[in-house]
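Number of protein chains: 2
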Amino acid sequence: MRFYNQLINESAPGALQAVPATTTVPSAEYPRVYADGRVIFRFHLPDAKTVQLEGGQGLCPKPVPLTKDADGYWTVTIPPSVMGFHYYWFNVDGVRMNDPGSQTFFGYNRETSGIELPDGQQISSDLVTAPVIPFYAPHEGAQGQLHEHSYLSQLTGKWRRCIVYTPPDYFDAANAGTRYPVLYLQHGAGEDETGWSRQGGVNFIMDNAIHGNSSNFFFRAGTTPEAKEMIVVMDNGYATYKQGTGSDGRDPSANYLPAFVRGDIEAFGDVLIKELIPMIDGKYRTIADRDHRAMAGLSMGGAQTMAIALSHLDMFSYIGTFSGAQFITPPASSGRATPPFEPGASYGGVFADAAAFNSKVRLLWMGAGTAELSLSESLRQNVEKLRAANIKVVQFHSPGTAHEWQTWRICLNKFAPLLFQA
Amino acid sequence: MRFYNQLINESAPGALQAVPATTTVPSAEYPRVYADGRVIFRFHLPDAKTVQLEGGQGLCPKPVPLTKDADGYWTVTIPPSVMGFHYYWFNVDGVRMNDPGSQTFFGYNRETSGIELPDGQQISSDLVTAPVIPFYAPHEGAQGQLHEHSYLSQLTGKWRRCIVYTPPDYFDAANAGTRYPVLYLQHGAGEDETGWSRQGGVNFIMDNAIHGNSSNFFFRAGTTPEAKEMIVVMDNGYATYKQGTGSDGRDPSANYLPAFVRGDIEAFGDVLIKELIPMIDGKYRTIADRDHRAMAGLSMGGAQTMAIALSHLDMFSYIGTFSGAQFITPPASSGRATPPFEPGASYGGVFADAAAFNSKVRLLWMGAGTAELSLSESLRQNVEKLRAANIKVVQFHSPGTAHEWQTWRICLNKFAPLLFQA
Chain W
0 MRFYNQLINE SAPGALQAVP ATTTVPSAEY PRVYADGRVI FRFHLPDAKT VQLEGGQGLC
60 PKPVPLTKDA DGYWTVTIPP SVMGFHYYWF NVDGVRMNDP GSQTFFGYNR ETSGIELPDG
120 QQISSDLVTA PVIPFYAPHE GAQGQLHEHS YLSQLTGKWR RCIVYTPPDY FDAANAGTRY
180 PVLYLQHGAG EDETGWSRQG GVNFIMDNAI HGNSSNFFFR AGTTPEAKEM IVVMDNGYAT
240 YKQGTGSDGR DPSANYLPAF VRGDIEAFGD VLIKELIPMI DGKYRTIADR DHRAMAGLSM
300 GGAQTMAIAL SHLDMFSYIG TFSGAQFITP PASSGRATPP FEPGASYGGV FADAAAFNSK
360 VRLLWMGAGT AELSLSESLR QNVEKLRAAN IKVVQFHSPG TAHEWQTWRI CLNKFAPLLF
420 QA
Chain U
0 MRFYNQLINE SAPGALQAVP ATTTVPSAEY PRVYADGRVI FRFHLPDAKT VQLEGGQGLC
60 PKPVPLTKDA DGYWTVTIPP SVMGFHYYWF NVDGVRMNDP GSQTFFGYNR ETSGIELPDG
120 QQISSDLVTA PVIPFYAPHE GAQGQLHEHS YLSQLTGKWR RCIVYTPPDY FDAANAGTRY
180 PVLYLQHGAG EDETGWSRQG GVNFIMDNAI HGNSSNFFFR AGTTPEAKEM IVVMDNGYAT
240 YKQGTGSDGR DPSANYLPAF VRGDIEAFGD VLIKELIPMI DGKYRTIADR DHRAMAGLSM
300 GGAQTMAIAL SHLDMFSYIG TFSGAQFITP PASSGRATPP FEPGASYGGV FADAAAFNSK
360 VRLLWMGAGT AELSLSESLR QNVEKLRAAN IKVVQFHSPG TAHEWQTWRI CLNKFAPLLF
420 QA
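In the order they appear, the protein sequences are chains W and U.
Reminder that position 356 of the first sequence reads as 355 in numbering that gives the first Met the number 0, one-by-one numbering, no gaps.
Reminder that position 214 of the second sequence reads as 213 in numbering that gives the first Met the number 0, one-by-one numbering, no gaps.
Errors might be hidden in some of the hints.
When chains are identical, the list treats them as one kind, so a pair holds in a single copy or across two.
Stated by the list, open to error - Under the rule of at most 27 Å between Cα atoms (straight-line distance), these lysine-lysine pairs were calculated in the DSS-like manner: (1) Lys-384 <-> Lys-48; (2) Lys-48 <-> Lys-67; (3) Lys-241 <-> Lys-61; (4) Lys-413 <-> Lys-227.
Just so you know, the hints here were simulated from the structure itself, not pulled from any lab data.
Model the full assembly from the supplied sequences, consistent with the hints where possible.
Written as structure tokens, this is what we have:
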């Protein structure tokens, strides 16, 4: 595991030197990043006819062609991009390929290359000697831990896996009797339970939020409090009922999801409520009540959060969506329609009685990146509708970031300190 | 996470059906395995000129050509192979590429495709209805847990990561005062701290060994006892001293390693002894003495185990090597020579006084697969030398398995029950 403690900026001005990205594997020299934020990609395939770089919106909004040298190496240098984590791949003669030089991350329902970019703006020459350590990288000081659990789901008939974060103090002998609140935190479509720990750096974000370290970085603390020590649980958002199981006992909350995303996540709400939460409350020192339970998710996980938490307000009192897909309209190709969001009727009418909702829900928090234009705009519009209906809601728009992990890291950094403060 | 609970064997005899391998990603249909153990690989790259399958010795000892259809899909079906986990990749016009249809695993210093194969021999038709669950897959019943820790190493100046397994009973309230012995378990060259948990299934092997479940599988329990509950710690075996650190304080045990493997693992012994073990003894309820501490490793990790444990017998009393590289001779290309193993002189003369050694070391265990011919033979020869010198040593030869994870899984399955029984 490597982090950008420093980027090389040697010798004469203008001759900036590049170093392998922190996500580059030890056997490879590329991709490399320059101190000014540019990135060089390189790929060896002498017999290919065309190679293009494709990937996250913040990295390359359009495919970027690579050019081949006499030795069969395809290369391109791209200008400074949005900092943080981006998925990417090469389009080789029309076929999607990973970069053998890079680590892979589970996204798009497959292993996908990813690159972690430092901030080209921040890393100006005077900062090279005073390293910039982001809020999603480890700091010295007490660390939380990540845990992995396999469990056999009776509802799906399959082994599942979840990842659990425990805060820095959890295992101190002095805290052996202390119980903690829990945040259930979901990944997006095509990802899995490893998304938040691998792409997201959830443990570092939480550690830093708890220690108040986020003020070391570009997000000045301002009025943001330090986060409470809490447990974070990340499960796989995909689940289908075991073959032969009838519809009896199926959670109707699934029906709050737009039909076009229901498919292979149909059973997830049931698994979460009936299997995962009881298991976590059994294995960990949780405070097992609604006042100390939150749910949040990104994109598809945001849609799941709305569907599940809003239909189980007896179990959750803090709700967050990051680039949440709850407000999107179905793609035209789906041939299906979701009714527009209406506070009086949507989500089983949970917003209809604003006073009741506001007294029950301690936080409804919704974030998006300004570069994910339609989600950002739909968030703005629907928050207006909620507010017109007197629902208390916090909205956050992350400047310049897209439908990518940097938006979701920032959302968690903003959201976590607001939890369980009452 | 999927396991082979059952393989499809529908309809007429001879028309055996194939299912995606458990290591195939959800977005892909290939690679697929047949109930009789054959495997189909498929790869889409219309413009490639040649595609070959390459990988682990147990999967394809020689490159296997794929053939292209009119739609640009390259396909091959291979005969039943050695069961278990194999690394593989495609050689595309001379360039190594991963299979987009498969999960990747950290091996060969990069992300590498891997496939988990069921046993073609065992999975005959009568067993399809009585599923074969291997000793490295989850069973119902109490599960141990995996934990992940990041720590800043003062010796290397870098953040490092280790994975820790705690046994099923560790977090039971009734055991809050119980302390456990610890096994330090290392990966091989080109792998990292995730090898044992991802490729190896260490948590399932340990759970099953502790529950005595291994008798459910092809390794009949016989006289093998159930394993003790123990903690297992898996660190990254690569470490180099921080720049500017002199040689003062370097662990001389590094010098027991053949020079040609020393390079980027030079500092590992020091990190293990001075940083990792104290951290683990601080964070976990360990029994922090030599009688309750073991070290083992595979291949390069076996060489490290010998170098480190034999020079720190005040800290370890159980030692295991799985396909350990301690006895190999340097590759001719290295231009370097290691003296042949001599019990009277090698490893600082630790074997010279057999009575002293045998009274100190409760178990010296060495395993290899019979299909890794030179390692298997050198193990046999050197165990003879050890026995001629009156050193007590257990050797194990895994039938038909090669320098691959199936050998190391079996070694751990055999080794773990012998630990801490005194």
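To see whether the hints hold, each was checked on the structure:
no. : hint                : result
1   : Lys-384 <-> Lys-48  : neither (52 Å within a copy, 58 Å between copies)
2   : Lys-48 <-> Lys-67   : both (9 Å within a copy, 18 Å between copies)
3   : Lys-241 <-> Lys-61  : neither (41 Å within a copy, 41 Å between copies)
4   : Lys-413 <-> Lys-227 : within (13 Å within a copy, 45 Å between copies)
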